[in-house]
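**Q** Each chain, letter by letter, is given below.
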Amino acid sequence: MTAEAKTGRITYREAMRTALREALQRDERVFLMGEDVGRYGGCFAVSKGLLEEFGPERIRDTPLSESAFVGAGIGAALGGMRPIVEIMTVNFSLLALDQIVNNAATILHMSGGQFNIPLVIRMTTGAGRQLAAQHSHSLEGWYAHIPGIKVLTPATLEDARGMLWTALQDPDPVLIFEHGGLYNLEGELAADAGAVNIDKAAVRRPGTDVSLITYGGTLGKTLQAAEELAGMSINAEVLDLRSLRPLDTASILESVTRTHRTVIIDEGWRSGSISAEISARIMEGAFYELDVPVARVCSAEVPMPYSRHLEEAALPQVRTIVETVRQMVGSRG
Amino acid sequence: MTAEAKTGRITYREAMRTALREALQRDERVFLMGEDVGRYGGCFAVSKGLLEEFGPERIRDTPLSESAFVGAGIGAALGGMRPIVEIMTVNFSLLALDQIVNNAATILHMSGGQFNIPLVIRMTTGAGRQLAAQHSHSLEGWYAHIPGIKVLTPATLEDARGMLWTALQDPDPVLIFEHGGLYNLEGELAADAGAVNIDKAAVRRPGTDVSLITYGGTLGKTLQAAEELAGMSINAEVLDLRSLRPLDTASILESVTRTHRTVIIDEGWRSGSISAEISARIMEGAFYELDVPVARVCSAEVPMPYSRHLEEAALPQVRTIVETVRQMVGSRG
Amino acid sequence: MTSSQPSQQPLLERNHSLYLLREMLRIRRFEEKCAELYSATKIRGFLHLYIGEEAVAVGVMQALEPDDAIVATYREHGHALARGVSPGAIMAEMYGKQEGCSRGRGGSMHLFDAATRFYGGNAIVGGGLPLAVGLALADKMQGRQRVTACFFGEGAVAEGEFHECMNLAALWKLPVLFCCENNLYAMGTALKRSESEIDLCLKATSYEVPAWPVDGMDVVAVEEAAQRAAAAVRAGGGPYFLEFRTYRFRAHSMFDPQLYRDKQEVEAWKERDPLNTFQVRLREQGLLEDADLARLEEEAAAEITRAVEFAEAGTWEPLEDLTKYVYSEGARS
Amino acid sequence: MTSSQPSQQPLLERNHSLYLLREMLRIRRFEEKCAELYSATKIRGFLHLYIGEEAVAVGVMQALEPDDAIVATYREHGHALARGVSPGAIMAEMYGKQEGCSRGRGGSMHLFDAATRFYGGNAIVGGGLPLAVGLALADKMQGRQRVTACFFGEGAVAEGEFHECMNLAALWKLPVLFCCENNLYAMGTALKRSESEIDLCLKATSYEVPAWPVDGMDVVAVEEAAQRAAAAVRAGGGPYFLEFRTYRFRAHSMFDPQLYRDKQEVEAWKERDPLNTFQVRLREQGLLEDADLARLEEEAAAEITRAVEFAEAGTWEPLEDLTKYVYSEGARS
Ligand SMILES: Cc1ncc(C[n+]2csc(CCOP(=O)(O)OP(=O)(O)O)c2C)c(N)n1
Ligand SMILES: Cc1ncc(C[n+]2csc(CCOP(=O)(O)OP(=O)(O)O)c2C)c(N)n1
Ligand SMILES: [Mg+2]
Ligand SMILES: [Mg+2]
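Protein chains in written order, with my numbering: chain U, 1 to 333; chain W, 1001 to 1333; chain F, 2001 to 2333; chain E, 3001 to 3333.
Quick caveat, the hints were computed from the structure, so don't treat them as lab data. Computed from a predicted model, the values in this text were never measured in an experiment. Don't be surprised by glycine CBs; every beta carbon is placed ideally from N, CA and C. Treat each hint with caution, since some may be false.
[What the hints assert, rightly or not] With a cut-off of at most 27 Å between alpha-carbon atoms, the simulated DSSO-like pairs for lysine-lysine come out as follows:
(1) F:Lys2033 <-> F:Lys2270
(2) E:Lys3173 <-> F:Lys2192
(3) F:Lys2192 <-> F:Lys2263
(4) F:Lys2173 <-> W:Lys1048
(5) W:Lys1006 <-> W:Lys1200
(6) E:Lys3263 <-> E:Lys3192
(7) U:Lys200 <-> U:Lys48
(8) F:Lys2263 <-> U:Lys48
(9) F:Lys2192 <-> U:Lys48
(10) W:Lys1048 <-> E:Lys3263
(11) E:Lys3173 <-> E:Lys3270
(12) F:Lys2173 <-> E:Lys3192
(13) W:Lys1048 <-> W:Lys1006
(14) E:Lys3033 <-> E:Lys3263
(15) U:Lys48 <-> E:Lys3173
(16) U:Lys6 <-> U:Lys48
(17) E:Lys3033 <-> E:Lys3270
(18) F:Lys2173 <-> F:Lys2270
(19) W:Lys1048 <-> E:Lys3192
(20) F:Lys2263 <-> F:Lys2033
[What the hints assert, rightly or not] Just a sample of chain U residues kept apart from chain W, beta carbon distances all over 10 Å, derived:
(21) Asp27
(22) Glu277
(23) Arg308
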């Protein structure tokens, strides 16, 4: 327990807002642009109050033109600014994908290193709120396939507070995916919390029997599952990837080498999700360390249904994680 | 060898064109729409001559509006037509991704099964012709992540000739990826060649020592590698996936169970490529059959460079496949 | 009918007028109930109310034939009801029950109904426009004299898809009736903050698409304009654009604190409530008695009671069917 | 200068006129050489020649200051040369040598040069427009009186990005000079087959962007229009749109059989060759002697010889550097 004086209660949403405010205060070149980030206060209220504080030049409401304002963010970065572009949700980012994949990710390379793009793109991701098939994508792992960009998935208050500034210091495009289910996450955060590294995975719970590898929206469920497993005297380690590109392979292999058993928990659709890449890297780097094959708990391969019971069945749940681990550890020896 | 009378020499391009012509002749509801499919003859000359044969109503040149004409294909399919939409190359398909992912892939599900979308989308994919970073994507494996669509990768004359008709009979959206390096592939094709199945992988070369799993543009290189390996008395089996979604897991596991060694060859960028999913499925379904860990030969994680020597170095090559297999088989016992 | 008319407005026919009033009332009361049920957590996800804009959907539907098609947005309860989709099926959909018009898979934003050619329910702003263009293309290619009515908000006008679709529909003279519901705001973004040119009809004419602004608060004006436009479209004149000037009385969704507009503005528009103004007008013309109104209210209330009962009595789709509607094979089985 | 003018055209100043002629000649001869080198397989990939359109790039560049920015397309050799990018570096780029202006990573379609603020070389039609909008936004936010000139073909006008970018630039009054090179064809698609309204200036004005059509075959007219437009943009008047009516004398790329246009049309336009007509005019005004032309030809030839020598002498980037420019860390190391 940190002393009251040194910490305060805060939500993930507020931590993001604090990070935005700090960035706007520290660097004149930083500005926020996106749909309804200003007068509306942000579709998830993350930027609420920032328009009043920093004015419409730096908190820019854009028209519904995802491709244009994401591309404008790339151009503004080329022009010496430090833009933070907010795409309301990952679902709409598909309209801007050409700009992200064909411009943001390629220009440094195509220009032979002449033009880098210090751009940060934030977007909400994930399911779990009965928003149905067009508003529930979990595509951060999919984006991680693209060389030239970096992909971050803050899952804790510290990372919500600390990743943005580090991302802004990065000379290249960084995408930050904020899981919609996390905004109301509340907890203690050190008053002096600040920038954090964005390239290392973090062990959120040390353990010896099995490695539970996850990120973003499923970290909470995975930690809960680890608690339940502890009750069954299964000591699970929980590794939070934090960054999906680059992937911290070393930390993954270290954990697997410690526990010899691995379950990957990923909200993405199973086939071609980042969980597949992690499993493949373990295959390549720790095959002889494995007591049992790596298992995956992912989302069912279905456009997200509206109905609550079907959505819950489609998503990774604490009980499915627990069951998967128990079977695996049961198959011990 | 089939008798002269029964076969004829044909290119992959001509096989595709023959398939298009047959489809247009057999079904009044079929039409082809895309940029320059008509007067220009298709950017890769696939549809050359079809405008003269079928007229501008059924061979429709579209404006440069990828999102609109792909979406219009979805709507036309809903309206009872059997559209074949050509997107010049996968690189430009990113502009239409919202329509593919948020509409084509979801409407059957969102409508509770009321509205299916019998749409075929064809596009050229792949690198190898020094077209640089914005014209060399290999994203078919990436598309395979999306539930609701099917993803085909014809790599042979038979499949170029036969997959289209089967895809048109499918009630749901099917994406056909034609590797740009294959259009000039020439060989013998049975005069009566026709529709082929689109859900089974095919063993293109039976073998016992190692399974080489690939698809599309890298099948040729993989078969060459297998030949070279034969010369080193390594008997490689070559499995052509043909369909990336659904993936024929059974055939993959069968092959692995026969050979106990696997190398996946994939032109996609390594991280998050379909090769990762295949490796993960082998991990899950044939772990105890493996003598050595599954290996992958993929593209380097770099936007494709223009310069020939760098592009060649970035792509899977016969020599890299051979080396990988030799090391693996060397590590036998 | 009395010959002494206080107002200058044209004389109305009683039965049809009461019908129009009845339709608007059905929608108003239905949605008031939805809001109530949302607070009661019977309805979840996003809920976008149409209250204030009823005259648009009701007026336009009068101009459509049974085999015409409709494409709408996430704010589509009114359109579905006015089109004749069963209120019970709509309510059950919002409950997430399998008796819902989309089997509970779509929810409020994705109402679909094959019987009335109601193609949803699209939650991507602008995402429905290409579908409408394609449906119209199918009708034109099959020589059918049908109209496809496409509803979208003024915010969608900024999207690239609007531009691509207006051009494609005009270029190919497709029978699309573009119905732009200009309620002055896209979430919190006022039209003047999102468009350099706020005359939307002027935009439409720049594609050579005939366009007219219409008082969207006057159901009679809406019907007249829609009849004229639909007739022109049906006659083969190509697409038509109608801008309905209307206003959203409620919040954008259930999460909107409405920081972006002031009470006076809302109150001023409520003075023009399409139901009240129409009632006044009917009374002026002696076409509406208290008894009529009482009867309409009773009928609406009874319909809603039946709808809620139907939804409450509805059942949950079995979990085994989770992935049933991803592909048609599953849907058929 | 003689006072007896056969033509009614304004008197021209000799030095500047010869300079304009020189610039056009440099481009013409340079590209003729490129075509030759393509056949000699020294240059690979796609090669899009600007021959016939030289007056546009040369005229516009006269209106730009050293710290203005340029965004161009894959048909950008002329723009790069006229902007002052080193011919040797351009030729070396097309050879794929590391001495190229993009280190051989970009090739013909991706010429970049930080020194002259030449932001490429974009091979996605319409893909450069958002970049230009963003560069202009950065200038405006940093209070710089700069102009960003954005070149694109008339085919790009159909893309959604054109619509989104015109609106955003106009809405925010950004200093972008939109230079539309209307050469009547997008590959094989004639403007009238891709646009319902072929008056492109009318489109621009529908965003409240001032627009003028310009004879793109008359370098003097181009310069005058560009000077006027650039001055207005620089003065803070917001974006400006110029439609340059020009014609592509050569095939779209080296693979184009030109089935879509007939020889007479091409010949008719060649009558208006911007180099010939300008020479005639200068001779009429007594500003050009045979000796002048001979000198300009010599200078152009010498420059090309040096460029080819430079490219030939260039070196291949080492394979170890393959992934060097994916992220800035690598680029710096
Ligand atoms: C492409 C896309 N971007 C953003 C959103 C989030 N969003 C949902 S509704 C909406 C406002 C749309 O306004 P308008 O088109 O005027 O329709 P209205 O809600 O006013 O009826 C926004 C921004 C979305 N659904 N799709
Ligand atoms: C988004 C996209 N679609 C298609 C292409 C293929 N393509 C390359 S150039 C071109 C024609 C563009 O015509 P225009 O804009 O008029 O420029 P021009 O070539 O005439 O200079 C096309 C279709 C592309 N590069 N990008
Ligand atoms: Mg609106
Ligand atoms: Mg052109």
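**Q** Take a quick look at whether Lys6 (chain U) and Lys48 (chain U) sit within 27 Å of each other, Cα to Cα.
**A** With a Cα-Cα distance of about 25 Å, the restraint between Lys6 (chain U) and Lys48 (chain U) holds, given a limit of 27 Å.
**Q** Does the alpha-carbon distance linking Lys2173 (chain F) and Lys1048 (chain W) stay inside the 27 Å limit?
**A** Measuring from Cα to Cα gives roughly 26 Å; hence the hint holds.
**Q** Sort out whether Lys48 (chain U) lies within 27 Å of Lys200 (chain U), counting only the CA atoms.
**A** Judged against 27 Å, a Cα distance of about 30 Å means the pair is violated.
**Q** Need the status of pair Lys1048 (chain W), Lys3192 (chain E): alpha-carbon distance at most 27 Å?
**A** holds (21 Å)
**Q** Regarding the pair Lys3173 (chain E) and Lys2192 (chain F), is the alpha-carbon distance no greater than 27 Å?
**A** Since the Cα atoms of Lys3173 (chain E) and Lys2192 (chain F) sit roughly 14 Å apart, the hinted pair holds (cutoff 27 Å).
**Q** Keeping to a limit of 27 Å between CA atoms, is the pair of Lys2173 (chain F) and Lys2270 (chain F) held or broken?
**A** violated (38 Å)
**Q** Minimum C-beta separation from Glu277 (chain U) to chain W exceeding 10 Å: can you confirm that?
**A** About 4 Å separates Glu277 (chain U) from the closest Cβ of chain W, which leaves it inside 10 Å; violated.
**Q** CA of Lys2263 (chain F) to CA of Lys48 (chain U), is that 27 Å or under?
**A** holds (20 Å)
**Q** Next pair to validate is Lys1006 (chain W) with Lys1200 (chain W); report whether the Cα-Cα distance is within 27 Å.
**A** Roughly 26 Å between the alpha carbons, so the hint for Lys1006 (chain W) and Lys1200 (chain W) holds.
**Q** Mind verifying the non-interface call on Arg308 (chain U)? Its CB should be farther than 10 Å from each CB in chain W.
**A** For Arg308 (chain U), whose nearest Cβ neighbour in chain W is about 16 Å away, the distance exceeds 10 Å, so it holds.
**Q** Is Lys2173 (chain F) within 27 Å of Lys3192 (chain E), Cα to Cα?
**A** Measuring from Cα to Cα gives roughly 14 Å; hence the hint holds.
**Q** Under the criterion that the straight-line Cα-Cα distance not exceed 27 Å, is the pair Lys1048 (chain W), Lys3263 (chain E) satisfied?
**A** holds (20 Å)
Of the numbered hints listed earlier, those contradicted by the structure are 7, 11, 18, 22.
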